[in-house]
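Participant: Put together the whole structure using the sequences plus the hints.
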Amino acid sequence: MITKRIIPCLDVKDGRVVKGVNFQGLSDVSSPVELAKYYSDNGADELVFYDITASFEGRKLFTDILTKVAETIFIPLTVGGGINTVDDFERVLNCGADKVSVNSGAIKDPSLVPRAAEKYGSQCVVLSADIKRVGGEFRVFAKGGREDTGMEAISWVKRCVENGAGEVVVNSIDTDGVKKGFDIEMLRTVQDAVNVPVIASGGAGKTDDFVELFKQLPDLDAGLAASVFHFGEIKINELKKALKENDIPVRL
Amino acid sequence: MVAVVDYGVGNLFSLCSSLKYIGQDAVVTSDPDEIKNAGKIILPGVGAFGDAVEKLKNSGLFSLIQQQAKDGKEIMGICLGMQMLFEKSYEFGEHEGLGLLKGEIVPMKGVLDEKYKIPHIGWNALNFRKESDLFKHINDGDCVYFVHSFYADNCADSLIATAEYDIELTAAVEKDNVCGCQFHPEKSGEVGLKILRAFCEKG
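Chain order of the listed sequences is P and X.
Per numbering that gives the first Met the number 0, numbering of the first sequence is gapless, rising by one per residue and ending at 251.
Per numbering that gives the first Met the number 0, numbering of the second sequence is gapless, rising by one per residue and ending at 202.
Heads up, some of the hints might be wrong.
To be verified - Quick look at which bits of chain X chain P covers, simulated, 3 or more residues with Cβ under 8 Å:
{"id": "1", "stretch": "5 to 14"}
{"id": "2", "stretch": "105 to 119"}
{"id": "3", "stretch": "122 to 133"}
{"id": "4", "stretch": "174 to 188"}
Simulated from the structure, these hints should not be mistaken for laboratory data.
Ideal Cβ placement from N, Cα and C applies to all residues, glycine included.
Facilitator: This is how it looks when you write it as structure tokens:
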């Protein structure tokens with residue numbers, strides 16, 4: 000039986016993980032390699048590296064560090080942040096990424112998803128959508144959730160999937176950072192609209208939020224979070240044990 | 000020495016890193032002599048079946064791999080590389096494979112219940128069907144990472160493990176010196192590394 004994936008997301012700037020973490024036993028808490036290994040050893044099913052670097056030099060550091068991570072960690076790696084062209088896909092895939100997540104880049108250039116899918120296959124192309132309720136409808140936001148694109152979100156996600164996106168990360172701006180649970184209503188709406196894996200993001204504050212997510216939406220594929228894992232508020236191996244106790248299939 | 004066959008499809012970075020990690024000497028090559036001289040062969044692959052077979056033929060390696068298998072060399076196919084070991088595939092038309100294993104590659108679409116998403120992506124448990132040295136370091140029920148839309152069917156002759164996804168999908172095959180994994184051992188954490196190590200210890 001296919002298992003539900005638990006995915007920590009790490010923000011990387013100039014080759015270092017930002018938002019300091021607090022784990023015992025790690026000598027360098029902002030080393031992407033050490034953190035990736037820690038998560039891989041402790042039950043993460045996949046890792047997302049999000050490049051928040053703005054400079055050319057920083058981007059070079061990011062790809063160097065990605066190569067080191069991919070030489071050390073043998074679980075799927077997804078890379079996002081600053082992906083605007085097919086060349087950006089090439090750059091991170093050559094460093095050992097398995098999937099590439101696109102967000103604003105796909106909004107700016109809607110041909111990016113179909114061109115990347117044709118070149119590398121749909122399994123490589125992850126659509127990441129920041130979605131917020133505006134005036135009774137779901138809207139897509141760009142630029143890290145700061146800019147309302149005016150586009151209705153469900154039709155946007157559907158169009159990207161039809162164009163070759165192989166997975167969809169739904170980040171609810173409405174629940175992000177609130178730590179009161181995932182946006183079940185929004186996730187259900189997206190999930191019912193597409194037939195590719197859907198990954199929930201935004202809102203996890205405690206273990207029960209993940210249990211509730213997979214109980215309410217048994218066909219949902221994965222849960223993604225950042226700070227609750229980094230600050231040790233949720234330990235992935237304990238989370239997976241709790242999911243198993245609730246008859247939710249996980250890899251232990 | 001393991002020869003990782005390079006015929007212009009897919010990214011071999013992770014596979015090579017994982018072989019290096021387990022201390023196995025490996026060379027990525029399309030050179031016939033290097034492949035002949037290697038102790039073992041790994042045939043990787045992603046993408047479409049017809050395209051991959053054509054590239055393998057164009058690089059002159061199709062018949063070489065067939066001959067190497069007949070000569071008894073240990074060969075492992077991974078993902079599409081495993082699918083190419085079979086007689087034929089029905090992915091976008093009908094294509095002939097290497098014919099080293101009995102069976103054919105068929106789409107999941109139309110076979111699985113509609114609520115099952117295709118491709119089959121994620122970590123799924125291996126159900127052992129036959130004893131194999133490939134599994135000597137791992138346990139029945141261990142999870143490995145899959146990404147595929149087609150699967151090997153009518154392959155009871157070589158089937159050694161399945162994964163449940165509505166039906167029991169072919170996960171691993173082995174017949175004498177020819178074996179293959181539908182999943183990605185190089186992306187399957189410790190379990191995957193142990194399978195690669197077992198292959199490197201074979202024979």
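Participant: Look at each hint and say if it fits the structure.
Facilitator: A quick look at each hint next to the structure:
| no. | hint | in the structure |
| --- | --- | --- |
| 1 | 5 to 14 | holds (count 3) |
| 2 | 105 to 119 | holds (count 5) |
| 3 | 122 to 133 | holds (count 3) |
| 4 | 174 to 188 | holds (count 4) |
Every hint, counting from the list given before, is met by this structure.
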